[in-house]
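Given chain G's structure and the hints, the job is docking chain Z onto it.
Number of protein chains: 2
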Amino acid sequence: MTSTTPPDVAARVEALIPRFRLTRLLNQDQAGRRISLLGTIDSQPGVLVAERAAFATDDDHLSSFSTSLIGIKNLGANDIYAWFLASTALDEDQPPDLKLNLIYPCTDKHVKKYSAQGLRVVTETPEIYAKYIRPYMQQQRVQGRLNWVFNIIEGRTEQEDVIYREHGEEGFLLLPDLNWDRKTIPSLHLLGLVERRDIWSVRDLKRSHITWIKHMRDKLLDSTVKIYPNLDKDQLKLYVHYQPTYYHFHIHIVHVALEAGNTQATGKALGLDNIISQLENLQGDDNAGMDDVSLTYHLGEASDIWEKIYLPLKEGGKVEI
Amino acid sequence: MTSTTPPDVAARVEALIPRFRLTRLLNQDQAGRRISLLGTIDSQPGVLVAERAAFATDDDHLSSFSTSLIGIKNLGANDIYAWFLASTALDEDQPPDLKLNLIYPCTDKHVKKYSAQGLRVVTETPEIYAKYIRPYMQQQRVQGRLNWVFNIIEGRTEQEDVIYREHGEEGFLLLPDLNWDRKTIPSLHLLGLVERRDIWSVRDLKRSHITWIKHMRDKLLDSTVKIYPNLDKDQLKLYVHYQPTYYHFHIHIVHVALEAGNTQATGKALGLDNIISQLENLQGDDNAGMDDVSLTYHLGEASDIWEKIYLPLKEGGKVEI
Numbered sequence: 001m002t003s004t005t006p007p008d009v010a011a012r013v014e015a016l017i018p019r020f021r022l023t024r025l026l027n028q029d030q031a032g033r034r035i036s037l038l039g040t041i042d043s044q045p046g047v048l049v050a051e052r053a054a055f056a057t058d059d060d061h062l063s064s065f066s067t068s069l070i071g072i073k074n075l076g077a078n079d080i081y082a083w084f085l086a087s088t089a090l091d092e093d094q095p096p097d098l099k100l101n102l103i104y105p106c107t108d109k110h111v112k113k114y115s116a117q118g119l120r121v122v123t124e125t126p127e128i129y130a131k132y133i134r135p136y137m138q139q140q141r142v143q144g145r146l147n148w149v150f151n152i153i154e155g156r157t158e159q160e161d162v163i164y165r166e167h168g169e170e171g172f173l174l175l176p177d178l179n180w181d182r183k184t185i186p187s188l189h190l191l192g193l194v195e196r197r198d199i200w201s202v203r204d205l206k207r208s209h210i211t212w213i214k215h216m217r218d219k220l221l222d223s224t225v226k227i228y229p230n231l232d233k234d235q236l237k238l239y240v241h242y243q244p245t246y247y248h249f250h251i252h253i254v255h256v257a258l259e260a261g262n263t264q265a266t267g268k269a270l271g272l273d274n275i276i277s278q279l280e281n282l283q284g285d286d287n288a289g290m291d292d293v294s295l296t297y298h299l300g301e302a303s304d305i306w307e308k309i310y311l312p313l314k315e316g317g318k319v320e321i
Numbered sequence: 001m002t003s004t005t006p007p008d009v010a011a012r013v014e015a016l017i018p019r020f021r022l023t024r025l026l027n028q029d030q031a032g033r034r035i036s037l038l039g040t041i042d043s044q045p046g047v048l049v050a051e052r053a054a055f056a057t058d059d060d061h062l063s064s065f066s067t068s069l070i071g072i073k074n075l076g077a078n079d080i081y082a083w084f085l086a087s088t089a090l091d092e093d094q095p096p097d098l099k100l101n102l103i104y105p106c107t108d109k110h111v112k113k114y115s116a117q118g119l120r121v122v123t124e125t126p127e128i129y130a131k132y133i134r135p136y137m138q139q140q141r142v143q144g145r146l147n148w149v150f151n152i153i154e155g156r157t158e159q160e161d162v163i164y165r166e167h168g169e170e171g172f173l174l175l176p177d178l179n180w181d182r183k184t185i186p187s188l189h190l191l192g193l194v195e196r197r198d199i200w201s202v203r204d205l206k207r208s209h210i211t212w213i214k215h216m217r218d219k220l221l222d223s224t225v226k227i228y229p230n231l232d233k234d235q236l237k238l239y240v241h242y243q244p245t246y247y248h249f250h251i252h253i254v255h256v257a258l259e260a261g262n263t264q265a266t267g268k269a270l271g272l273d274n275i276i277s278q279l280e281n282l283q284g285d286d287n288a289g290m291d292d293v294s295l296t297y298h299l300g301e302a303s304d305i306w307e308k309i310y311l312p313l314k315e316g317g318k319v320e321i
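Keeping their order, the protein sequence lines are chains G and Z. Numbering-wise (the UniProt record's numbering), the first sequence opens with residue 1 and increments by one. Numbering-wise (the UniProt record's numbering), the second sequence opens with residue 1 and increments by one.
Just so you know, the hints here were simulated from the structure itself, not pulled from any lab data. Just so you know, these numbers come straight off a predicted model, no measurement behind them. Hints may contain errors.
Note: identical chains are not told apart, hence a pair may lie in one copy or across any two.
What the hints assert, rightly or not - Capping the alpha-carbon separation at 30 Å, the derived lysine-lysine pairs in DSS-like fashion look like this: (1) K73 with K99; (2) K233 with K113; (3) K233 with K112; (4) K226 with K318; (5) K183 with K226; (6) K112 with K318.
One chain only, chain G, in its complex shape:
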């Protein structure tokens, strides 16, 4: 990147930066990697925004990357996994500006997981759902992959974590998501798990479930603000994934300030309240449901559903689940 600024202007504005005197931090966002500072230069106010830059990815820099690091400090190690802080700076007064993860020795699975993966957008009609996706879900459910969910529901694990629970056919429970540190409120992430095993995903929600879903929504909100009293209900966002990671219906409850990455993106996440409203306004009787609509979402090209179902459908081949 070259500057198009006249040299005298460039020199003048460059000289402004070191004269910036901090008044206060206005904001920190982008997962902490951007700060907006209010300050003064010659007693006039100014805003200085600093953002961590992208890594240079030319061969020279990548090849010397691991040897250029300073002050590598291990934070933890478990089996083949280890994590660290490190610096690109030679100045030891500066805080570490890098987080590192090392997987060593690694397998082909790790290489695949950390490689760039293409994404594809698919439209799942009610027909594709019934013919291919539902049987695929069934197959995934019988391989013991849901044991961890059943362990929670049946009271064998994580009982000390349960924030709220109702038992029975319409029962459900609320507990912290594994990715949340359980203390940082602006990144709060809880999970609502239903007890019943006949609702695998949003596709199984029907008009006849509306009262139940609303009850569940209200209780999830109420119990969250009860346990975290500095939180208001309108600071919570409820959504579900489609496709979800596992086929037992669950609701994500997050702080509305939580940095929304790919996991909350359209094409992956559906707002729970919008689903309720969609069900309420759906044509048909009580049996009408989310299996009557088309859902458009994106998938990794390395995912089973893409490889086994949508890619063959796209190429006119035979689907073998």
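The following block gives chain Z in isolation, referenced to the frame of chain G:
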């Protein structure tokens, strides 16, 4: 952060990093601020993931931040705005690891814009929409704010940018979004603008529009892959915002690999294909539409709609638009 690793283990894994020999870059994501490298240590494979860390925000570091920067290089300057690259590193062989923006002198509006803003989740029922939001939209439309849109539609500006166009009552045009650099395909971002002025937002879409919306969707996809032949239609994601930034119906067309930030999040973005399917399955006649459903979304606490409509509604006060 202190390590819980026994000192001998910590020392052993810390010594692994500088011995990492690069094989290749596996991936770069998080807006370029995370790299995943494949390499070897003693001829065994390993994956090294490096991520730019959050800024330290204690007073000491923030106060000395502007004076600790090295190699400040101006990239451009316009009026009170200037942007730069800079380094936290003393090592001049390292590429700059920071981007800076300076607004100087700044106004209170800048301070507000760059300050942390709370978000609130609201549920907009058909009644709230009709009574408050639609009149608010009307008010926004008459203040000349849409002149830039009308300039494009009426052929006065940006005509050289138009990728595809159909004229008339059902007309629309496709052009690059201002935020796209017009060359980086994985961050492609185009805009579909309708010609007609009676569709202000997704709220105005009705069952009677389904054929038209599908035609528009197909043409937007077709013309995008025609002009960018390395792209497949199933690599494109179409969505709309609610609330949108301006009240003239427009569709966002983005590469599915585009880093999904808050702008694509549930509570802000709605997938176009899901809206089409929702309309198709909506109860009622041809006149039934998206103004019959509740839409739940989030708003900044500093936004007009929050301050003038939802906050008074929440507090039981009087709404004055």
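*Looking back at the hints listed earlier, which ones does the structure fail to meet?*
none
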